[in-house]
Amino acid sequence: MNYRIALMEGDGIGPEQSAAAKTVLDDAEVNFDLSIELIPVEAGDRAAKNYGVALPEGSLATLTKCDCCLKGPVGNSAYDVIVRLRQLLDLYANVRPARALPNVPSLSSQTDLVIVRENTEDLYIGLEEGDQQKATATRLITRKASERIAKFAFDMARRRRKTVTAVHKANVMKKTDGLFLSACREVANSYVDIDFKDMLVDAAAMNLIRKPDSFDVLVTTNMFGDILSDEAAQVVGGLGLAASGNIGDSFAIFEPVHGSAPDIAGKNIANPTSMILSAAMMLDWLSEHNGDKKAAAASHAIRHSVETCLSAGETTPDLGGKLTTTEMADAVSRRISQRVIA
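Numbering-wise (this note's numbering), the sequence shown opens with residue 212 and increments by one.
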């Protein structure tokens with residue numbers, strides 16, 4: 212199949228990571244007989260400087276004509292880019308895997324979990340008011356959004372180890388989190404093959420440290436998911452390795468979890484793993500969305516090649532290696548070709 216992918220380089224280390232992901236995708240395209248056209252889309256701090264807005268209308272128009280988007284980290288304008296896109300395109304599921312990787316420090320080598328975060332509501336709708344003496348924020352939780360994110364999580368669990376944990380604070384926020392938990396319990400009744408449990412958010416935060424390998428799929432509200440997913444990323448090595456997807460019914464954006472790291476931008480030392488694994492997530496989504504087995508095979512090969520590089524110490528200085536960003540991307544690409552030939 213022919214895929215048009217919007218490539219949003221972002222700011223800071225974003226262009227370097229995007230170049231690395233492009234190198235890997237080019238190799239996967241050749242080895243797995245894919246047709247991938249990467250369409251540049253401007254957004255972020257540089258776009259704000261050049262056009263006066265972080266997400267120009269022309270960029271949005273180009274984006275929506277593509278099959279999906281691969282996005283690098285954005286700087287200070289991140290809210291104006293990704294949060295706006297999540298709401299405009301109804302990308303209601305934020306999917307953040309946390310899996311132990313070879314030769315990377317982890318609290319448990321058996322950790323393999325996914326946090327499924329509701330992506331359009333909660334305190335992140337931006338309704339705040341007040342002054343230096345008093346301020347309030349509106350928290351929005353609806354049954355519709357809670358039910359569909361729960362269904363998304365249960366469907367994912369069916370493809371994994373068939374366990375869902377709903378994370379909430381319904382003992383205190385009885386109306387908002389009470390509604391979310393009620394919706395999750397109702398959805399659970401339609402998935403009798405899935406082991407369902409619920410857990411208070413503070414207990415979940417503790418257990419992510421104490422026994423992270425006990426979790427499979429966690430489903431939660433927007434802000435709790437934001438916080439817990441960063442914690443989960445650190446459990447398996449840090450944000451520099453963390454990929455994510457913002458997924459709706461017909462469109463998706465895939466991006467590293469971390470920020471733009473301006474302090475190391477332009478030095479060619481940023482670890483490209485998070486962006487490369489985000490590209491692998493993108494191929495998985497394209498495979499599921501289009502029934503494309505070649506895309507699924509390419510995704511599997513990319514992940515395996517990243518893990519092989521990590522095992523061999525072929526990585527950037529943050530993980531004790533000596534490779535540049537570019538060299539690590541080349542190493543992953545070579546592993547893909549070697550795997551196909553073998």
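By construction, these hints were calculated from the structure, which means they are not laboratory data.
Heads up, some of the hints might be wrong.
Unchecked claim - Each computed BS3-like pair below joins lysine-lysine, with the alpha-carbon atoms no more than 30 Å apart:
{"#": "1", "residue 1": "K276", "residue 2": "K345"}
{"#": "2", "residue 1": "K276", "residue 2": "K422"}
{"#": "3", "residue 1": "K362", "residue 2": "K422"}
{"#": "4", "residue 1": "K478", "residue 2": "K422"}
{"#": "5", "residue 1": "K505", "residue 2": "K478"}
{"#": "6", "residue 1": "K233", "residue 2": "K260"}
{"#": "7", "residue 1": "K373", "residue 2": "K385"}
{"#": "8", "residue 1": "K385", "residue 2": "K422"}
{"#": "9", "residue 1": "K386", "residue 2": "K408"}
{"#": "10", "residue 1": "K504", "residue 2": "K373"}
{"#": "11", "residue 1": "K533", "residue 2": "K478"}
{"#": "12", "residue 1": "K385", "residue 2": "K355"}
{"#": "13", "residue 1": "K362", "residue 2": "K478"}
{"#": "14", "residue 1": "K276", "residue 2": "K478"}
{"#": "15", "residue 1": "K373", "residue 2": "K276"}
{"#": "16", "residue 1": "K478", "residue 2": "K504"}
{"#": "17", "residue 1": "K345", "residue 2": "K373"}
{"#": "18", "residue 1": "K362", "residue 2": "K345"}
{"#": "19", "residue 1": "K345", "residue 2": "K408"}
{"#": "20", "residue 1": "K362", "residue 2": "K373"}
{"#": "21", "residue 1": "K373", "residue 2": "K505"}
{"#": "22", "residue 1": "K233", "residue 2": "K505"}
{"#": "23", "residue 1": "K408", "residue 2": "K478"}
{"#": "24", "residue 1": "K362", "residue 2": "K380"}
{"#": "25", "residue 1": "K504", "residue 2": "K533"}
{"#": "26", "residue 1": "K385", "residue 2": "K345"}
{"#": "27", "residue 1": "K386", "residue 2": "K373"}
{"#": "28", "residue 1": "K260", "residue 2": "K276"}
{"#": "29", "residue 1": "K345", "residue 2": "K380"}
{"#": "30", "residue 1": "K345", "residue 2": "K386"}
{"#": "31", "residue 1": "K422", "residue 2": "K233"}
Review point. Where does the structure disagree with the numbered hints, that is, which hint numbers, in rising order?
Key: Result: hints 1, 2, 4, 5, 13, 14, 15, 16, 17, 18, 19, 23, 25 and 31 break, sorted rising.
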